[in-house]
Each structure stands twice: as C-alpha cells, then as structure tokens.
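Novice: One-letter residues, chain by chain:
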Amino acid sequence: MTKTDPEVRIPDPIELDRLEEDRLRAVAGLTPLHAGSGEYAGFDQVGIPDRPPQTEREREVYSLDEGEMLINMGPQHPSTHGVMRLVVKVRGEIVVDIDPVLGYLHRGIEKLCENATYTTVLTYVDPMDYLSTMHNEHAPAIAFEKLYGIRPPRRAEYIRALVVELNRVFSHGLMMGFLALDMGGLTPILYAFINRDEIVDMLSAISGQRMLFNFFRVGGVNFDTNDEFLSRLGTWRSHVLTNIEMNEHMITDNEIFRSRTIGMGTLSGADAISLGVTGPNLRASGVPFDIRKAHPYSIYNELEFDVITQQGGDSYARYLQRIAEIKQSIHLIDQIIDKMPHGPVQAQVPGIIRPRPGRAYAAVESPRGLYSVYSISDGGPTPYRFRMRDPSFISLQAMPKLMPGRLVADTMAIMASLDPVMGGVDK
Amino acid sequence: MAVERPTTNLPQPTSEAGTDPIIIPDAARSDELLQPFGMEEHPQGGFHGLLEVIPTKADYVLDLIRANSLWPLLSGLSCCAIEMMSTATSVNDIDRFGMFPFRASPRQADVLIVAGTLTTKMAGPLVRLWEQMPEPKWCVAMGTCTTSGGRFKRSYSVVQGVDRVMPVDVYVPGCPPRPEGLIYGMMKLHELVKQRRGEWSTYVDRGPQRTRWEGDVR
Amino acid sequence: MRLLTERLGADLRDLWTDEDTVEFAIDGDRNVEVLTLLRDDEELAFFMLADEAAVDYGVDAHFEVVYHLFSWKHPAWLRVRARVDRSDPRIPTVTHLWEGATFHEREMYDMMGIVFTGNRDLRRIYMSPDYRSFPQRRDFVLPDDAADSPAHGVNPLERPETWDLSRFRDAPAVTFPPSSERDDAPAESVTGGETLADKSRPR
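Chains as they are written, first to last, in this note's numbering: chain A, 64 to 490; chain B, 1090 to 1307; chain C, 6 to 208.
By construction, these hints were calculated from the structure, which means they are not laboratory data.
Note that the coordinates shown come from a computational prediction; the quantities given were computed from them, not determined experimentally.
All C-beta atoms, glycine included, are put in the ideal place defined by N, C-alpha and C.
A few of these clues could be false.
[Claimed, not checked] Anything over 10 Å on all C-beta distances counts as not near chain A; from chain B, calculated:
{"id": "1", "residue": "1124"}
{"id": "2", "residue": "1165"}
{"id": "3", "residue": "1172"}
{"id": "4", "residue": "1193"}
{"id": "5", "residue": "1205"}
{"id": "6", "residue": "1267"}
{"id": "7", "residue": "1276"}
{"id": "8", "residue": "1280"}
{"id": "9", "residue": "1288"}
[As the list claims (entries may be wrong)] Beta-carbon label-pair distances, calculated as ranges:
{"id": "10", "chain 1": "A", "residue 1": "212", "chain 2": "C", "residue 2": "42", "range": "50 to 58 Å"}
{"id": "11", "chain 1": "A", "residue 1": "441", "chain 2": "B", "residue 2": "1186", "range": "50 to 58 Å"}
{"id": "12", "chain 1": "C", "residue 1": "170", "chain 2": "A", "residue 2": "178", "range": "20 to 28 Å"}
{"id": "13", "chain 1": "A", "residue 1": "413", "chain 2": "C", "residue 2": "170", "range": "47 to 55 Å"}
{"id": "14", "chain 1": "A", "residue 1": "178", "chain 2": "C", "residue 2": "171", "range": "26 to 34 Å"}
{"id": "15", "chain 1": "A", "residue 1": "129", "chain 2": "C", "residue 2": "25", "range": "50 to 58 Å"}
{"id": "16", "chain 1": "A", "residue 1": "368", "chain 2": "C", "residue 2": "170", "range": "52 to 60 Å"}
{"id": "17", "chain 1": "C", "residue 1": "47", "chain 2": "A", "residue 2": "368", "range": "24 to 32 Å"}
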C-alpha cells in the first residue's frame, strides 16, 4: 500500500488553476489576481466565516459557544425555493440561530427599470416573484396609471382581477406542493403542477406566454378573452374543486404532515406586524389584514368576500390559510365571471407615456403578502425611481425568530410554510 | 512546481475493433441497422461480425445507457426552474427519458441544467458545483438568461451567459422555454451523448472573453 | 389627516394629499421621533410599516428615505419622506420600532450607501460583502457591454459606418410575400418623413 505523506498536501484542482494563473501573471509582470478575496463570492468564501464579523448581529450569529457548530445550507439545496443560503448555528441537532444570506439572484431590476419606458418596466418586473407574475405587473400598472392620471376600462379591471385570482390559485397550490415536497412527499407536488399546467395553459391562451405573462399594460390589459381561454376556464372550473380537495385530503389529515407542522414556527400577530410579515402568513397569525379589503384597489370593493384568518400562527395554520384562500379565490373568480361587463380592454394611451412629475404608491395583495410599488416620475419617458417592495423579502426576517429551538429538519418545513420565492427576495 | 492536471479515466473508443470482421464492410458505408438510433454514422459502426458483436457494441450500449439515464442536478435558480419542474412533472414528463431523479448532490449527477439567471454572486457556487460533478458531465443552458444574459443584458450583477464560466453543450432559448422546448433540448443532448460530442472533454479555459475593466463584475 | 399638522406641525414640510395618499417631508434626524409619534398615537395609529425606500435625487442633491405607513383608522397611505444629506448619508434606524425594517435598511445601505445608525446588522445583503460600489446611485453607470469586448468592431453590425440605411429608405411599403412570389406591381417606396412615432421616440 502506498504511504501517503501527511506533509505533502495535494492542492484542490481549483487552486491549481489559480496558482497557475498567478504564476503566469507573475512571469508576465502582472499582479496576482487571487491575492485578496475577489468579487465572485464562493471560491474564496469557503469557510464560515471567512472574514471577521462586521456587525453586531453577525458577531452574535457567528460566535460559537460550547458544542455549537455552523452548518451551511448552501445556495443549491433540494428545497426548491431558489437560491438562498442559510448559515445555521446548531447545537447537536437543534438550531440555535440562523443567518440568511441573500443576493444570489439579484438581477438589478430596479436599476434596469430606470432606463426603460413605462411599458417595458412592466416586462422587467415579471421575473421578480415568478410564481405570481400577474401581481408583479398589477402593482406597477396601478402606480403608473395613478401617475398618468387615467383609469382603465371596467372590463380591463375585471379581466385583471380574473387573471390575478387565477394566479393566486396556482401559486397557493404550488405552495402546498412545495411544503409537502420539502417534507419528502413527492406526490402533492405532481398534483400541484398538474393544476398549474391547466391554469397556465389557460393563461397562455389569453396572454401568449406560459409563465412570465407580459399581459398588463398601462391603461388595461393587452388582449381580450378569446374562445380558447373561456373554454379552458370552463373545463378547469368544473373540476378544480375536486382536484384541490383531493390534494388537500392527501396532506391535511396526514399524520406525518400534521406532526411536522402543528406547533412549528408559531408567529404571534404582534410579532408578525413588527417584522413586516403580510399576506397569508399574517392572516394565519390572526390579524385580518388584507389589502383587498383594507385599501381596496381595482374592483375589489364590488366583490363580496370575507377576510379569512386562522388562529395559531403555526405552519399548519399557514397551510390551512392558503387552502382557504384558494377556495376564496375560486369564489371570487365565479363572481368576476358573472359580473364581467363588455367594453374595451385597454385605454387609449400613447406608446410611450410621459406622466406628469409626481409620486405614486400602489399596493396589491400578492399570494405572498403586500406587494407594492413606489414610483417617481420626472415627466420623461422612463421612471425616475422605481421601487418594488417584495413580500417574500420581508417575510424572511421572520426566520431567525421562528427557527431557533427546532431541529434542522424543521428549518425547511418552516421556510416552506412562509413560502418565499427567491426571485422576489433578490429582485 | 509541477502543476499536474488530473487526467480522465474515461474509456476511449476501442481501436482494436479494427480487426477484419467476418463480413468485410466498406469503411464509408453507413450502418443501416443502427439507423433507428440515429447512430448510423458512428465511428464504430459498420461491423457486424459475430465475434465483434459484443466488444464493438459495448460502446454503443454504453453511450445508449448514458443517454437514456441522464440524471440532472437540481440547479434551478429562477423562473426557468419552475418550467424545468413542470417538465419533470406529470403533463410533460421527462421521466420517460430517464431523467426522473433530480439529484441534490453534484457527485451523483450527470447533467447540469442551469435554469435561471446566473448572477455574479452565484457564479462561484455554480462553478464549484460543476467542478464537483464527476465526468462525463454535460451542461444545458436553459433560458435566455443563461444563454446570453437575456432580458438582463445591461445589469450590473448578471453574468451574461453561463458559457462565460463553464462549457455548455446545449442552449435552450426561451423566457422561459416551453417544456416541449426543454425536451427538444434534451433530445439534442442525447444525440451529443451518443456521438461523444460533449464540451466537457474539450473545454479549454479561454479566460475572460472580453477586456475586464477596473471594478468590473460581469 | 389634518391631525398631522397639529401633532407634527414643527417638522412637517410639503404636506400633500391625494385621493389615497398623504405625504409629507421631514428632516432625516427627526425621523425616529416622528415615526414613533405616528405609531403610538391613538388617533393616528399607523401600526404597519408597509415600505421603506431610498431615492437618489442626483449627484448634487440629497437622498430621501421614504416610509409608507398604514393605519386602520385612516383610509389613505401615509408617506413620510426623510431627507438625508448626500455628503454624510446617515440617518437613525427604525428597527426598534419595526423589526422588519432591518432588511429594508440593509438593502438601502447596499444599494445607495445610506448608513443607518443604530442598526445592529448593517451589512450588504444583495451584493457580495466585498463589493465596493453602491449600484442604485445616480452616478453608477456601467460601460456598455459590447463596446469593451476585444471582438468589438469585427462584426459589421457593430460598426455604424457599415450600415446601409438606404435599404430602409428605398424599401417598398409591403415586404411580404417575397418579391419573387408577388404577382402585383411593386408598391412605391415610401419616402421617410417625420411621423408621430419620431416625436414620441425617446431621445
């Protein structure tokens, strides 16, 4: 057997390339590239922590007591929320503290939107919260209409509400699927995706795209409903409740699911408001705050619905809240279909709008919470400042409150019940 | 100091199949029997001798096995990941092509489907994943963000195409590509696998593909 | 909403009302007192911080930190604009009022460089921790992607002097079906003039 000499350290292939590159640069008389930490995070930041803590909170998280250990649940992990890095401080199997590291999907959308015309901005915001694209477009559309001083026609408002509620149905359905998937159940996600495929084919009939629908315009929507959309809507509506209930029965009374979610990640109402958590997470903690009722926009004051809340504030309550909201959305869709008026679907606006200088704030209820847009116009063809407040981003602050005390395996379950979507978190 | 690159242990196409078979073929003739597999121009085709059936066809079988059970790595970064999951689930099913297990660990994966926008912060971890994957490995750039930066062309933090950091075999355009489009890309990848035309074996690090300015991050 | 003038009269500046928003501006140093008053007062009761944003008004001008608040008792959103100096961009934090402001303030620090004194966790959230610039400032401009490629200029499409604009000016009005398949006389070429589209094209 060959003896391995412990003194000789075989370098990592990554380091071999870097050493070679530094050697070649030294030969050429250039400075070595890899002396300090580079702009690309990941290669140099392999240890936790790799640099001294800069802030109080960082010091608190990264200082280890007896028996504690830092585990990195890295940007690529099987939980399908996208790319987020959680540095978890554990003692044994129990989580003591966590530090979410974000920004692995930061695409600079706000800066890009400052150089885009108002209609183009509506396409840039699509991939933010990519599971609720219509909501992402709804808020800027309302904000730009406020800036421009017009209201869309009533049929456009009804179509907007219809597609927005359809989007909410499949987004909540996917949350149910992902919650079960993160706990190991592989079937509900398949059912959720069947449901999503039906709805998304329907929406592709009306907007032309399966996922990042470029459907809203300043002043209305782009296309009117057509035969294919309506026939698919009818087919879907006739069997959606049975599908949802089938999915629900598989999960809700499941012993494993119940024991893994009841009592986990309990968030009180006051804590939730202080943390900025909104949407189904807040309503599951008992606070009846729904933007559609609290500050109605679009045609929501003409539709009848109640604000649903749950008591408990744990993961199970958040799950039940979303199921109840799916049923509420289907009820809303029925009302919208009954009440939809005839008329144009887009107001007459020029191709490039130049609103008067001013500021506008518009908030909509997205499946993850309060999604709002603050836009400043300076009279030109592009917005001066375009700011989006994403609900998942703020809801993630609840994690360091919910996870300590739980096991490592529960971190994913709790995070899945908060339903973050990294596209929105990182903009 | 001596810098040694690790060599691959991949079995190369056997050249001892060049002995005269029982049926003497014309070297330029394409093999009709392999036509249903799209492999009639395979370099090892054309030999139908009895003794050469097993050793020469081992290479085809090996390539077929590789192609028909490509295990993807769960590398869904963004919106394209949802369409990748939609391709993997019931309506459009890539399980019928053998790609059911989306492995969480790069050590067990064959193909890295980069689905979603690659940002400068994520570039490091993603290349680390790629390097951790054992060979043979292939890379599919799904969506326009990974092909060329896509709709984020002028962004300060988006890598303008994943081929700036790793070798890509198949580009699937779309924003996001339809599941059928991704399946078509997978079929193209199957062709590459069977013809041994992957990029990983021929990848040469050409360095940054444009002048790097001071403070430049893309 | 006239309650605001009586409670905050000294700090209020530029009060503005719309059908669904009330907005006023304050100095950056007073933001904690103003927001505490807005939150704790029984009649105002703006219990929820909906959004905290930063605006950069230009290299010579100031920053603004904009808070949007919500209350059950008032049907309008309240917008509080706190002015921050550009030369010394510091403003007190509101994390002790709303813990959810932490991420907002981290993002504002990361993107604009506004320092929130008192924030326990002021580090970069989107960019890498060793990133040296503040992307959303007005003076942050990236060089054009194509222009600094070593292959710039090889492709004739990247060189304006090779563009042949006459093929657009002399083109027929209709280009489909291809001319080989057209059986009618080719239409007259449209002479270029100034149209409404030219007026509304961004300069």
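Novice: So, for every hint listed, does it hold in this structure?
Specialist: Hint check results:
1. 1124: 35 Å, holds
2. 1165: 6 Å, violated
3. 1172: The assertion about residue 1172(B) is violated, with a minimum of 6 Å to chain A.
4. 1193: Non-interface label on residue 1193(B) violated, nearest chain A Cβ at 4 Å vs cutoff 10 Å.
5. 1205: 7 Å, violated
6. 1267: Violated, since 6 Å does not exceed 10 Å.
7. 1276: 20 Å, holds
8. 1280: 26 Å, holds
9. 1288: 17 Å, holds
10. 212(A) to 42(C): 50 to 58 Å: With a Cβ separation near 33 Å, residue 212(A) and residue 42(C) fall outside 50 to 58 Å, so the hint is violated.
11. 441(A) to 1186(B): 50 to 58 Å: At roughly 53 Å between Cβ atoms, residue 1186(B) and residue 441(A) fall inside 50 to 58 Å, so the hint holds.
12. 170(C) to 178(A): 20 to 28 Å: 25 Å, holds
13. 413(A) to 170(C): 47 to 55 Å: 26 Å, violated
14. 178(A) to 171(C): 26 to 34 Å: Cβ of residue 178(A) to Cβ of residue 171(C): about 31 Å, so the range 26 to 34 Å holds.
15. 129(A) to 25(C): 50 to 58 Å: 55 Å, holds
16. 368(A) to 170(C): 52 to 60 Å: Hint holds: Cβ distance 58 Å, inside 52 to 60 Å.
17. 47(C) to 368(A): 24 to 32 Å: Check passed, 30 Å falls within 24 to 32 Å.
The structure fails hints 2, 3, 4, 5, 6, 10, 13 (numbered hints given earlier, in ascending order).
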